[in-house]
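Chemist: Chains as they are written, first to last, in the working numbering: chain A, 1 to 353; chain B, 354 to 657; chain C, 658 to 918.
Just so you know, the hints here were simulated from the structure itself, not pulled from any lab data.
A few of these clues could be false.
[Stated by the list, open to error] According to the in silico footprint, chain B covers these stretches of chain C (three or more CB under 8 Å from chain B):
(1) 698-708
(2) 764-771
(3) 845-859
(4) 899-909
Ideal Cβ placement from N, Cα and C applies to all residues, glycine included.
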Amino acid sequence: MAFLDITGVRKAYGPNTVVHHVDLAIERGEFVSFLGPSGCGKTTTLRMVAGFETPSAGRVVIDGKDVTPLRPNQRNIGMVFQAYALFPNMTVAENVGFGLKVAGKPPAEIAPRVEEMLRLIKLPQLGGRYPYQLSGGQQQRVALARALAIKPKILLLDEPLSALDAKIRVSLREEIRAVQRQLGITTIYVTHDQEEALSMSDRIVVMNEGRIEQIGTPFEIYNFPRTRFVASFVGTLNLLEATVAPGGGRLEIDGQPVIARDGINGAAPGTSLTVALRPEAITITDAGGDRNRLAGTVEEVSFLGSVIRIRVRFRDNAVSLDTFNDPAIAPPERGKPVTVSFAHGDVHVLGAA
Amino acid sequence: MVDAAHPAPLQAPLRDAAPPVVKTAFSWAWLGVTPFFLFALLFLILPTLYLVVGAFMDTEGNFTLDNIVNLFQPTILRAYWISIQISAASAILGALFGFFIAFAVTIGGLPPWIRSTVMTFSGVASNFAGIPLAFAFLATLGRTGLVTALLIYLFDFNIYGSGFNLLSFWGLTLTYLYFQIPLMVLILAPALDGLKKEWREASEILGASSWQYWRYVALPVLWPAICGTTLLLFANAFGAVATAYALTGSSLNIVTILLFAQIRGDVLHDQHLGYALALGMILITGITNGTYIWLRARSERWLR
Amino acid sequence: MKRSTVGPWIAFGLGALYFLIPLIATFEFSLRMRRGTYSFDAYAVVFADPRFQASFSYSVLLALITIVLGVMLVVPTAYFIRLRLPKLAPLVEFITLLPLVIPAIVIVFGYLRLYNSSSWLPFTSNARATDLLLAFGYVTLALPYMYRAVDTGMRAIDVRTLTEAAESLGASWATILFRVIFPNVKVAILSGAFITFAVVMGEFTFASLLDRPAFGPYLQLIGANRAYEPAALAIIAFLVTWACMGLLQLVLAGARVARQR
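For reference, chain A alone in the conformation it holds in the complex (with noise of 0.2 Å):
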């Protein structure tokens, strides 16, 4: 028995369901990601775990407790969202104490845990004042120390940082992780961002459609892709047609003979198979040795600061590959002939196109 357990929950508003069969257990301690794009059913299913919605089905185990039939303020979660929602009339201190305050914690209580959390969060000078003098990051950390206070069971954070700047997104999502560990609480982290929940977690689920499309460390996810919507939403991913080859066991891209490590099962020459190849995996500086090359030309080049993102085209397909910016070496030319390649190992099929 995990720490959480989502078992057969769906939910439905009238005759649309939005979340159609999720299961999926989180151990104590561990820090999970829902990924998927808006509408996936991501946010819905936290507010399950919340309270704030009653699943039309399943339910919500909390260490060993089925808090399905529970009001959110009976369940001892903690949650930020993503609007701050911070209570405008109380200083930060106040905010902070509140859920302390509510449960009926004498001020003597209150204090020492308010000023504990403060200094979790670094802002330990500003517990008077009010959120209307904080900055948009701030105002976000003083909302996970509020979450935080009344030491929940589990943390849940709706997209706690969409609404802030690139800069300040990345620093925070260090500190959240780095508190997130120093308390060893179970999170669940709700974010559209691949690149934070990459980052951040210990698992992550990418939902789609309502529905968990794969369960895995962000090394899984990222590499091993199980589906075409995971291969596409996470990471700049290279879509290719390719045909099976005459005689089978080889693909052919735009008449180019390739080979791929996960074999292509059998499947008979000339049928349609979509392949993935990450941009990172492919090089323009041929690097020897057995690999797939594929001659087209360059058709774009984007400057991106460290790195240089260069579009090929063979003849129906493109793909998009990053070289790392070296101030030695000028960037090639558009409309210059190149050959890339890949390792075998790299080619990932994707299944009928």
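Fit chains B and C to the given chain A structure using the hints.
Modeler: Only chains B and C this time, still in chain A's reference frame:
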């Protein structure tokens, strides 16, 4: 505001750079707003100032405080007091009922068509003041009004036998509520919309009950708006003339009716006492409105 | 999670009772003129009364004049304040709020003293001049609504960009104001106009104390002397107010639809 079209050179101190203003445009602008200030001066400021200054003058034009002192005679004090009481009662009751109706149509979970109907009706009813309103209540709760008659017919209960009179304090208050409640609904509905759903959810997940949410979060957030609007309702009722005049004639001694009679026929036999009466009204509505504006600014600061 | 809607329904129901019963009662009362049966006699009497026709059309005319004067005063002011003189915005806003602070009866009292027939600007010396003074008084009363409506409208269309665009095409300021700004704040002006109309039609204090034959004083006169006609007049006045607000909603809804296209 920084003019984006004219980026200052990097080495120049940005703040001291004179804004690139076209001289001719400036004079056009001043010319464009002159009529407004002239109008405000002639038809708003000067007439009021005339009364304010007149309140501190005797008939020979010398400075005096006698008019102010003379305000403190029983008839006038009573008129102010009744006006204040009626305005306060109709403002507080209007705010209370208006709050519940605004709550019901915004976050109360009623179907959307009710909200649009109520808001449109409120726009109408808050402007449906004055004499027609008095007629409507006479036809309803007057001695031969429909409700009065129905109560006698159905329950053999004569409200006039039990001390009710439409031409009284409570009668006038009840009538004023007809435009006070809608005004409260109109102003408070946006404030209630400003309550974020996440505040409720955040307080709930932190263990608070619904009552605790209202006690510690929603009401404190709304409080400036509620108080401010109540003050506005107070000023609104305090300056009203027509409804009371049509309803009660001069049988109810409120300050607007007294001033009305004074303007018509100098019933106080002292022009300058009339000015002082007006000054007293300006002071009372001025203070309430000033407090309203201050509270409004506070609530807007929160709801950013 | 569903919260109970019993409370809201009760609040709505009680409110509906309080607001509908007087209307029903007034309507019922207005039909009682002929003994023993319901009839529209009271309405017939009212409509046939030449004083009704005269005072009603007087007020309509005055309302229209007020609206025109108000628009001419408010639109250029709001425009220049937004565009060139934002520093004056708080002052102008304060002035436009004053009519809500100073009771109407006080303002008109001031008019009577300041502009009496022996003063430097004897507005009340003849009927036409008093009509004009009354119209100015109504512009004052409508100022808070008119200014707010137009200012909100100008905020929505970003006057600065529009003006700069027009200027770059070589338009003069008059062209900008009348051909560019006016059409774009039409909806705002209309919404201010409807409220102004409703305010003017029901106004009593100004007209009565300036002794002009407007609809308000006529209502008061009938109310003091007749039994059933006041009820009929109340219904008519309510319908006029309702029509103004209905048209306002229509204009606003139309603007919303137009913007979505």
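Chemist: Look at each hint and say if it fits the structure.
Modeler: These are the hints, each one checked on the structure:
With a threshold of 8 Å between beta carbons, the proposed coverage of the stretch 698-708 of chain C by chain B is violated, since 0 of its residues qualify and at least three are required. Figure legend: the stretch 764-771 of chain C, annotated as covered by chain B; annotation consistent (8 residues with Cβ-Cβ distances under 8 Å, at least 3 required). Three residues within the 8 Å Cβ limit are the bar, and the stretch 845-859 of chain C against chain B gives 4, so the coverage statement holds. For the stretch 899-909 of chain C, the proposed coverage by chain B is satisfied: 6 residues have a C-beta within less than 8 Å of a C-beta in that chain, meeting the threshold of three.
Comparing the model with each numbered hint stated earlier shows that hint 1 is the single one that does not hold.
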